Every structure is written in structure tokens, then in C-alpha cells.
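Participant: Two chains, two frames, a set of hints: combine them into the complex.
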Amino acid sequence: MGFPDRIERTVEIAHPPAKVWAAITTADGLGAWFGNEATIDLRPGGAAQLKWTGGPTVDIRVERVEEPTVFAFTWPIYGLADEDPRRTYVEFTLEPAGAGTRLRVVESGFAQLSEEAYKKAYDGNSEGWLKELGELVDYLDAA
Amino acid sequence: MSWSTTSMPPDIEAIAEQVFSALADPSRRAILAALAAEGPATATDLADRLPITRQAIAKHLALLAEAGLVTAEPGERRRVRYRLRSAPMRVAQQFLAALARDWDSSLDALKEHLENSA
Chain A
256 MGFPDRIERT VEIAHPPAKV WAAITTADGL GAWFGNEATI DLRPGGAAQL
306 KWTGGPTVDI RVERVEEPTV FAFTWPIYGL ADEDPRRTYV EFTLEPAGAG
356 TRLRVVESGF AQLSEEAYKK AYDGNSEGWL KELGELVDYL DAA
Chain B
329 MSWSTTSMPP DIEAIAEQVF SALADPSRRA ILAALAAEGP ATATDLADRL
379 PITRQAIAKH LALLAEAGLV TAEPGERRRV RYRLRSAPMR VAQQFLAALA
429 RDWDSSLDAL KEHLENSA
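As you go down the protein sequences, you meet chains A and B in turn.
Just so we're aligned, residue 256 is where the first sequence starts under the working numbering, counting upward by one.
Just so we're aligned, residue 329 is where the second sequence starts under the working numbering, counting upward by one.
Think of the hints as simulated: they come from the structure by calculation, not from any bench.
Remember, it's a predicted structure, so these values are computed and weren't measured experimentally.
Some hints here could point you the wrong way.
[As the list claims (entries may be wrong)] Incomplete in silico selection of chain B near chain A, CB under 7 Å:
(1) ILE380
(2) THR381
(3) GLN383
(4) ALA420
(5) ALA425
(6) TRP431
(7) ALA437
(8) LEU438
(9) LYS439
(10) HIS441
(11) LEU442
Beta carbons are placed, not taken as given, at the ideal position from N, Cα and C, and that holds for glycine.
So here's chain B without its partners, still in its complex pose (with noise of 0.2 Å):
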């Protein structure tokens, strides 16, 4: 058995090391599920959803903005609306898929199906 790499282009690798490193802070999975649950948002909207005061909002979303996973657009009364961006998460969710793809679970299933056929 083997498992081969290689390497991607440098930004696809520094994209999908942003999507990981964002995931990897409870505050900022909560800002991105938030947004993913229930759309665009304003900082003052999350920190009325979340445990999370409204300044360390602002530095998540600034980071997420600055990462390309958020963008932020005009909103009513002159507020800055974050947006979810998908297009990272896409390139996130390649890598997922392959680590994923369980063929172990699937030729094991295939041997005791021979087995049992016998």
C-alpha cells in the first residue's frame, strides 16, 4: 500500500492553509458556521448570535477578510455586511475529499464479498 504526493501550485497550497489555520480557531468557526447558517451579516449581527465580544469579531473578520474567506460589502445604514466566500473552501474540500476516499473500507468490503460468493 502507498500514498503519493505532490505538490500543488503555491497559492492553491496557501489557500487551502488559510481555510485550515481559520478552521482551526473555535471563534472564527463559529463567525464562518454563523455565516454559512444564516447568510450575510454585519460584526454588530454575530456578536449578538455569539459568545464573542464585538472587537475580537472585527479582528476575526478582519483576517477572514484579509484571508479571502469573508468579503465585506455595503449594508444598510452604512454597515459593513461580511459574506461567506466559497471558492477557498472548495479548494479545502479536495484535499478533504482525497483523504476521504476510504478504498481500504471498499476493497476490504470486496474481498468478503468474493469470500462469501465462493
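Same shape as in the complex, but just chain A (with noise of 0.2 Å):
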């Protein structure tokens, strides 16, 4: 069984980089295709959340800010539980292409699992809720 550790995606925006970047790098713009709601502080080491109406309320924290090329956040692994310490690392790149922009999302680090989570996942006799599985398939839809 292969386990996906990143996820690629390209598309092609019949808009200009400047425009693209205010969609996914502003509070406005996040708040409109992303989430339902949201907030950012666009600088590195910045604190960001992006809420989902009827759904969750995530935390982010920015780590790369270059405007107009590399926007990139790390977020928690959607569905393991609150504690965890496992986050996953988004990065968009922006690109110009003709009159619009090539946007590329990487998100890695879905297979991480540090010795350290590894041995407190399974030394101890660890309880706790995990999030509904169901609740991973409504992730983005509300976007």
C-alpha cells in the first residue's frame, strides 16, 4: 500500500499574479473561496485561522511570505486529534503565465510521523477522541 505523502495540483488563473495573491493571502479573499470566515497576519510566523460555517475553525500559522511568488502555511493533519502535534506544510507558487498565473499547491507531510508521536502514540495506552472520519470528507467542501 502506498502512503500518499504529498499532494500536487497546478492550475492555470485567467488572472495576473497581483490578483491571485490578494485571493490567497488576505482575509477577504480566504474568507471567500476558502473558508467561510478568516483571518490572517501576512508575515512569517503569523497567525491565521479559517473558519467553515456549521464546520471547523482551523489554525495556521504562516510560514512564507514573498509576495508575489511563494505564499506557505502549515496546518494540523486534518482528523487526528487536537493534541497532536503532526501539521502538514502548504505552499503555493505563483507563476506568471501569458496574461493570467500558473498557481501550484504542494501540500507534504501526510506520512510524517516523528520517532517522538510515534513512541507517545504507541507506548502509552492513549485514549482520547479522534475526529469522526465523516467529518474529513466535508473538509473544503464549504469553500
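Facilitator: Structural data, given as C-alpha cells:
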């Protein structure tokens, strides 16, 4: 069984990088297409939050801000317990393509399992509620 | 669009495989669901609650215990109680999380948002 660690997508968007940049890095933009509500402190180390109406609220940490080409953040692995320290890394790369933009998104780290997290998960008789699997499926549908 | 995969260490793969094998059987799903919903139980408790014979439940519990998905512990009147182990489920959940991260829908929504705000 292959365990996917990394997801990559590239899309062509008929709008210039500046416009795409605003859509993915501002509270107004993120709250319009990604979540239903968003806040963002746009600087490396800054906090952002995405809320889905009737759904989850996700805390994000901004990692890279290189306007208008690279925007990256880390966020929790959806479906893992709240206290789980593992996070995936999401990087958006913007590149002019004619009058539009080639947008690439790479999310990596799904298969990570640090030695420490592994020990913690397997040594202890770890209890704790896990999120319902069904919630996973609905994750981004609201966007 | 591309989808690349990397291999996990064999032990992690083995854990995920055991979880999905366990979940593929309706009787084992019912047993795991009962333990998740109502907490630790003996084979007799489970036989009372589920439309599965006690013998079949004992067989499935032995298999689940061997796979590390439940642990046996002493219960009342020297009966063995079985408790769900969440750790292997988390490994399987990571796999599901990657499958469920729906970037296709999100990126479609982004495109649509930019079209509408043009």
C-alpha cells in the first residue's frame, strides 16, 4: 500500500499574479473561496484562522511570504486528535503565464510520523476522542 | 495535475493495512464500533448487543487483539474485557486525511471567486 505523503496540483488562472496573491493571502480572499471566514497576520510566523460555517475552525501558521510568488503555511492534519503535534506544510507558488497565473499548490507531510510522536502514540495507552471520519470528507466542500 | 506517493516504513504500512483489513469485515466493524461507542466490553457483552454469535465474536476479538486494534484487560469476575486502541486508527486516519484533502474543489472555488470578482 502506498502512503501518500504529498499532494500537488497546478492550475492555470486567467488573472494576473497580483490578483491571485490577494485572493490567497488576505482575510477577504481566503474567507470568500477557502473558508467562510478568515483572519490572517501576513508575515512569517503570523497566525491565521479559517472558519467554516457549521464546520471546523483551523489554526494556521504562516511560514513564507514572498509577494507575489510564494505563500506557505502549516496547519494541522485534518482528522487527527486536537493535541496531535503533526502538521502538513502547504506551499503556493505563483508564476505569470501569459496574462494569467500558473498556481501550484503542494501539501506535504501526510506520511510524517516523528519518532517522538510514534512513541507517544504507541507506548501510552492513549485514549482520547478522534474526530469522526465522516468529517474528513466534508472538509473543503463549504469553500 | 499529479499525485505522488512515497512509501512509509514497513511497520507503519503494516499498521495501516491491519486497520483497513479489520474495517473491511462487517462483524469486526460492528465490534469496533460498539467498543468506540460504549467503551470496553467482554465478548459476552458484545454477543448480547450484536447480532453475532459469541464464538464468532471471540474469534474476531482474538484477531483484533493480535493486530493491536484492541487490548485485553482484566474485567469483573475474572472475565477479559476488550478496549479499543486508538493509536493504529490514527495511522489510518493520516492516510484518509491525504485522500480527503480536496484541493480540486478548493482550487475550483478559487477560480470561480476570481471570475466573479473580475
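Participant: Which constraints among the numbered hints does this structure fail? Numbers only, ascending.
Facilitator: 1, 2, 3 and 4
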